[in-house]
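Now for the letters of each chain:
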Amino acid sequence: MEAAGISTVIVTPMPYFAEALGAARAVGVAFPFGHPLGHAGDRDEQMKVIGDALRVLREAPGPGTVEHLPYEWPDFERWKTEWQPAEPSPIVALLRERMRAQAQERRGDPTA
Amino acid sequence: MPVDSFRWLPGAIAAYYRGLPLQKVEPIPWTPLAKPVERCRFALVTTAGLYMKDRDAPFDLDGERRNPFWGDPTYRVVPRDARQEQIGVAHLHINPTDLLADMNVALPVQRFLELEAAGRIGSLAPSHYSFMGYQPSNSEWEKRYGPEVAGRMKEEGVDAAFLTPT
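Which chain is which? The protein sequence lines are P and R, in order.
Numbering-wise (my numbering), the first sequence opens with residue 1 and increments by one.
Numbering-wise (my numbering), the second sequence opens with residue 1 and increments by one.
Don't read these hints as lab results, they were simulated from the structure.
All C-beta atoms, glycine included, are put in the ideal place defined by N, C-alpha and C.
Treat the hints with caution; some may be incorrect.
[As the list claims (entries may be wrong)] Calculated from the model, a selection of chain P residues having no Cβ within reach of chain R, i.e. all distances over 12 Å:
| id | residue |
| --- | --- |
| 1 | Gly-5 |
| 2 | Arg-96 |
| 3 | Ala-101 |
[To be verified] List time: in silico SDA-like cross-link candidates among lysine to any residue, alpha-carbon distance up to 20 Å:
| id | chain 1 | residue 1 | chain 2 | residue 2 |
| --- | --- | --- | --- | --- |
| 4 | R | Lys-24 | P | Lys-80 |
| 5 | P | Lys-80 | R | Thr-97 |
| 6 | P | Lys-80 | R | Tyr-17 |
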């Protein structure tokens with residue numbers, strides 16, 4: 001998009017990738033996946049993140065500007081699973097099944 | 001304090017992501033902001049798998065179930081006047097509950113309409129774009145859908161894009 005003449009700013013829970021791959025402008029948030037702007041129904045929190053992203057859009061001195069935002073997400077332990085889907089995704093289910101099969105093979109389990 | 005990008009992931013998945021060989025894009029593509037934010041037209045882009053239930057098909061989740069190494073690379077348009085009850089979520093890798101309650105968590109259409117009304121941005125474009133973020137291969141995004149979306153934005157006079165990968 002930058003190459004097409006559109007300025008961009010990214011709000012991401014994984015600023016590591018913005019830094020490693022090279023994003024034009026980004027802000028990192030310590031929010032769980034699926035919640036880049038914060039909690040549902042929390043207008044003030046959403047506006048704070050948007051305001052910070054627009055500030056970075058306006059003030060970034062050059063490409064590769066990544067700022068880590070200070071906002072916290074309470075109840076971390078619960079949300080470590082809460083953000084995940086109720087059913088494991090197909091790839092996670094498949095890889096788990098493969099690991100289980102390999103572990104059984106290593107044990108020489110004849111039912112493997 | 002820096003944001004820990006891996007804090008939400010189970011250990012094995014975090015280790016996998018940390019170990020990915022990554023090639024930095026050099027030089028990083030860059031378009032300086034053409035005008036003050038208060039005069040820019042914005043488009044929003046998310047990868048949260050949102051779609052308009054009453055108008056569009058959801059992302060192809062059955063295809064992903066048949067082949068877990070594939071994710072639907074297409075996109076859906078969400079208009080600026082989308083109402084919450086029109087929004088569906090088709091994404092097998094996140095819990096959709098909060099997005100179904102408040103799309104602004106990932107696609108902040110209503111927040112940007114408020115910014116527009118307050119004069120803090122120039123305007124919000126007519127169209128916004130939703131992808132489904134599980135993409136084992138990014139090639140269709142890079143070759144086809146990314147440029148297509150950028151072209152649609154140019155047609156609508158967009159100056160700046162606000163992106164929320166999830």
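Against chain R, does P/Arg-96 keep a CB gap of more than 12 Å to every residue? For P/Arg-96, whose nearest Cβ neighbour in chain R is about 9 Å away, the distance does not exceed 12 Å, so it is violated.
With 12 Å as the threshold, tell me whether P/Ala-101 passes as away from chain R on beta-carbon distances. 15 Å, holds
Could you grab the alpha-carbon distance between R/Lys-24 and P/Lys-80 and see if it respects the 20 Å cut-off? 29 Å, violated
Pair hint outcome, P/Lys-80 versus R/Thr-97 [Cα-Cα no greater than 20 Å]: Within the cut-off at roughly 15 Å; holds.
Below or equal to 20 Å on CA atoms is what counts here, so check P/Lys-80 against R/Tyr-17. Between P/Lys-80 and R/Tyr-17 the Cα gap is close to 17 Å, so the pair holds against 20 Å.
Hey, does P/Gly-5 actually stay past 12 Å from chain R on C-beta? 5 Å, violated
Hints 1, 2 and 4, counting from the list given before, are not met by this structure.
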